[in-house]
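Chemist: Listed below, chain by chain, are the residues.
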Amino acid sequence: MSSSAVHSLWTTAAEGKLDKIPAPHIEYAQLAPTLIVLGAALIGVLVEAFVPRRSRYYVQVFLSVVALAAAFAAVVGLAAGGYGTTKAHIAAMGAIAVDGPALFLQGTILLASVVAVFTFAERRLDPEAHGNRVDSFAAQAASVPGSDSEQAAVKAGFTTTEVFPLALFAVSGMLVFPAANDLLTLFVALEVFSLPLYLLCALARRKRLMSQEAAVKYFLLGAFSSAFLLFGIALLYGYAGSVSYATIADVVSGSVQNVDPALAGTMGNDALLLIGGAMILMGLLFKVGAVPFHMWTPDVYQGAPTPVTGFMAAATKVAAFGALLRLLYVVLPGMSWDWRPVMWGVAIITMLGGAVVAITQTDIKRLLAYSSIAHAGFILAGVIATNADGISSVLFYLGAYSFVTIGAFAVVTLVRDAGGEATHLSKWAGLGRRSPLVAAVFAVFLLAFAGIPLTSGFSGKFAVFKAAAEGGAGALVVVGVISSAVAAFFYIRVIVLMFFSEPKADGPTVAVPSALTTAAIGVGVAVTLVLGVAPQYFLDLAHNASVFVR
Amino acid sequence: MNPVNYLYLAALLFTIGAAGVLIRRNAIVVFMCVELMLNACNLAFVCFSRLHGNLDGQIIAFFTMVVAAAEVVVGLAIIVSLFRSRHSASVDDASLMKL
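Residue numbers (numbering that gives the first Met the number 0), protein chains in the order written: chain B, 0 to 549; chain Y, 0 to 98.
By construction, these hints were calculated from the structure, which means they are not laboratory data. Note that beta-carbon positions come from the ideal geometry of N, C-alpha and C, so glycine has one too. Possibly wrong hints are sitting among the right ones.
Said to hold, decoys possible - To spell it out: a stretch of chain B is covered by chain Y in this simulated footprint if at least three of its residues, at any positions, have a beta carbon under 8 Å from a beta carbon of chain Y; those stretches are:
#1 26 to 37
#2 198 to 210
#3 232 to 241
#4 278 to 291
#5 482 to 494
To be verified - If we take Cβ atoms under 8 Å as the criterion, some of the chain Y residues that face chain B in the derived model are:
#6 Phe13
#7 Ile15
#8 Ile22
#9 Ala26
#10 Phe47
#11 Gly52
#12 Asn53
#13 Phe61
#14 Thr63
#15 Ser80
#16 Ser89
#17 Ala93
Said to hold, decoys possible - Pair by pair, the computed Cβ-Cβ distance ranges are:
#18 Y:Asp92 to B:Ala518: 36 to 42 Å
#19 B:Ala263 to Y:Arg83: 43 to 49 Å
#20 Y:Leu21 to B:Phe49: 55 to 61 Å
#21 B:Pro260 to Y:Ile15: 51 to 57 Å
#22 Y:Ile15 to B:Ile25: 39 to 45 Å
#23 B:Ala504 to Y:Gly19: 32 to 38 Å
#24 B:Lys503 to Y:Asp92: 29 to 35 Å
#25 Y:Arg83 to B:Lys86: 49 to 55 Å
Go ahead and model the full structure; you've got the sequences and the hints to work with.
Modeler: Put into structure tokens, the structure is as follows:
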């Protein structure tokens, strides 16, 4: 194409030679889940501005739960209407895919978010401050920790109810992320869910310095990785001349029609494709928390308020794996010979690295962070399978894993001493003697993480490893089983610590939660056991949802 | 002029930004280096847009600017709150959570 082509696009438009620009056709009904959550988030911002301070908390909690439930109903409605299978198609002028994996993951994210919002809203765990019930979030985020203004804010009974709209914004980005069908939407969705998460990390009520430090680390590294993702997008755009997934896939596989001279020039340049694809993968693997892009995970998980950690660990992982699956299965299947060896390596070091480093941890939140890294590795094994079973097993694993994670972090919020949550492992010694029920529930979650039969972790791992083995990744399965065994060691060690050691005299107490956290933990246990004992219905559901629209 | 030269410039700017993120110690400067990387991406987008003769890349550059602006809002808020509580914006000082 001539070098003046771009210029002429502007001038012909200015001279009125073009016909009317047709208005884009948006299928609002099929985008309803995202739009409901986004709308509720905007209303939440208005609530912060106009509703009196004392009733904001109730309005925000009600609004968030109703919006998430309505969005979930919309997802179920779309799935029942066949948009997950026969009517799967690409909506919003090619920007959003409405198909099985997208709807399945959106449903998972929404259910996990409802549970996470319950833990956000918990106000019974901390002792009352000046007669006001307090939640896990700072009284006033802008006040310096330990300053007079902070004390004044606590005394006045301020609470950061902004966490609810922030969480809703994050959820809306996460809903778009696995459904994004062009690279621009992918990038915008990534930022829409990342930016609120950076803020949520900084809002802890206790240990605020640590919380702010976690936010800075997460923010700087997150921005760094999204810059890599964006440059990768630029290179792929340069390679294919388009950011649409379908077009890029055509160009990659060489089945593109009408090649203009510019495209012919860039298509021959494999450096653009390989470097671009690698940089996009880097950005997504960062969000997933895979080794060697996992450095942020332990610090951020430890420093962030525990309800936020649970939300982040569950929902972000679901969204990011959804986007990763779509990228590898829809955009880059034509170069699977190039990315499979790399992903093999990443999966192996993620599984082993997460499991081995977790052994040395002494903080329960850091331990769960490294465990989440190991789990990212197991899920990557399913991603590498490159067959339909690979997709469905990853979908199932994500659903099972997210509820266990939120439940486990909800239990962590209950074990407290004078300084807030007692996260050091030594303080958990003898917990089973002092409060058998909480310890037993936590043991169930740990067994599910370890993948013991009759828990959801076992069904998930079995499905993923089976898919990987059928996909020709037998060696990966062997590594996976070995690192599962390593991981089981430190999960079991925590259980032994809880039940078979003497409680210390100055040990932590277990707070009695309100119905909210109880519900979150109850849902976690129920999902763990149901998916462990009778997984078939959900495996079928994931199997039916496992076809990407192209 | 050959548009490919601008691509080399974009890659160079991106590398300078990435090196700055890894080397510099002040959170604000680290953040500025990230912004430099985003601008390098913009240059690459506009350059590819010219190369292919479609407007996608130029539109994406606008999106990137908006995203970068939103990132500044969030990022500076976090960095300023860190600075106010520690009187230092050094990323080395923020080490409460070392293994």
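Chemist: Tell me if the beta carbons of Asp92 (chain Y) and Ala518 (chain B) are separated by a distance inside 36 to 42 Å.
Modeler: Given about 41 Å between the Cβ atoms, the range holds.
Chemist: Please verify that hint: Phe13 (chain Y), Cβ, nearest Cβ of chain B, below 8 Å or not.
Modeler: Since the shortest Cβ distance to chain B is 6 Å, the answer is holds.
Chemist: Return holds or violated for the Cβ distance of Pro260 (chain B) and Ile15 (chain Y) against the range 51 to 57 Å.
Modeler: violated, 32 Å
Chemist: Checking hints one by one. Is Ala93 (chain Y) an interface residue toward chain B, by the C-beta closer than 8 Å rule?
Modeler: holds, 4 Å
Chemist: May I ask you to test the interface hint for Phe47 (chain Y) with respect to chain B, counting a Cβ-Cβ separation under 8 Å as satisfied?
Modeler: holds, 4 Å
Chemist: Under 8 Å between beta-carbons, do enough residues of the region 232 to 241 of chain B, three at least, approach chain Y for the coverage claim to hold?
Modeler: holds (count 7)
Chemist: The hint names Ile22 (chain Y) as touching chain B; please verify it with the least Cβ-Cβ distance against 8 Å.
Modeler: violated, 13 Å
Chemist: Can you confirm whether chain Y covers the region 482 to 494 of chain B, using C-beta to C-beta distances below 8 Å and requiring at least three such residues?
Modeler: Our answer is that it is violated, as 0 residues pass the Cβ test (under 8 Å) against chain Y, missing three.
Chemist: For the hint on Phe61 (chain Y), just tell me whether its beta-carbon gets within less than 8 Å of chain B.
Modeler: Interface hint status for Phe61 (chain Y): violated (10 Å vs cutoff 8 Å).
Chemist: Starting from the hint 32 to 38 Å, judge whether the C-beta atoms of Ala504 (chain B) and Gly19 (chain Y) obey it.
Modeler: About 52 Å separates the Cβ atoms of Ala504 (chain B) and Gly19 (chain Y), which means 32 to 38 Å is violated.
Chemist: Double-check Ser89 (chain Y) for me: the hint is only fine if its C-beta lies closer than 8 Å to a C-beta in chain B.
Modeler: violated, 11 Å
Chemist: Any CB of chain B closer than 8 Å to the CB of Gly52 (chain Y)?
Modeler: holds, 4 Å
In terms of the numbered hints stated before, the structure departs from hints 1, 4, 5, 7, 8, 13, 16, 19, 20, 21 and 23, listed from lowest to highest.
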